[in-house]
Amino acid sequence: MEASTAFGAARGMKVRASVKKICEGCSSVKRRGRVFIICSKNQKHKQRQG
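The UniProt record's numbering numbers the first residue of the sequence shown as 1 and each following residue consecutively.
Hints are computed from structural coordinates only; laboratory data are not their basis.
There could be a bad hint or two in this list.
With a straight-line cut-off of 20 Å between C-alpha atoms, the simulated PhoX-like cross-links for lysine-lysine are [said to hold, decoys possible]:
(1) 14 - 41
(2) 30 - 14
(3) 46 - 20
(4) 41 - 21
(5) 20 - 44
(6) 20 - 41
(7) 14 - 46
(8) 44 - 14
(9) 30 - 44
(10) 44 - 21
(11) 21 - 46
(12) 30 - 20
Hey, can you work out the whole structure from these sequences and the hints?
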């Protein structure tokens with residue numbers, strides 16, 4: 001099993017200490033104690049705090 005699948009890391013997601021909404025399509029969700037930014041308009045805006 002790859003390490004990325006073991007931790008549930010999504011491919012193409014930015015990992016940052018401070019996550020911010022970039023556009024109006026971005027929304028923040030909290031999953032498994034981590035803050036995620038997901039965007040319905042631009043998939044490049046995906047971020048995870050950590």
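How the hints compare with the structure:
{"no.": "1", "hint": "14 - 41", "result": "holds, 16 Å"}
{"no.": "2", "hint": "30 - 14", "result": "holds, 16 Å"}
{"no.": "3", "hint": "46 - 20", "result": "holds, 10 Å"}
{"no.": "4", "hint": "41 - 21", "result": "holds, 12 Å"}
{"no.": "5", "hint": "20 - 44", "result": "holds, 13 Å"}
{"no.": "6", "hint": "20 - 41", "result": "holds, 15 Å"}
{"no.": "7", "hint": "14 - 46", "result": "holds, 6 Å"}
{"no.": "8", "hint": "44 - 14", "result": "holds, 8 Å"}
{"no.": "9", "hint": "30 - 44", "result": "holds, 19 Å"}
{"no.": "10", "hint": "44 - 21", "result": "holds, 12 Å"}
{"no.": "11", "hint": "21 - 46", "result": "holds, 9 Å"}
{"no.": "12", "hint": "30 - 20", "result": "holds, 13 Å"}
In this structure, none of the earlier numbered hints is contradicted; all agree with it.
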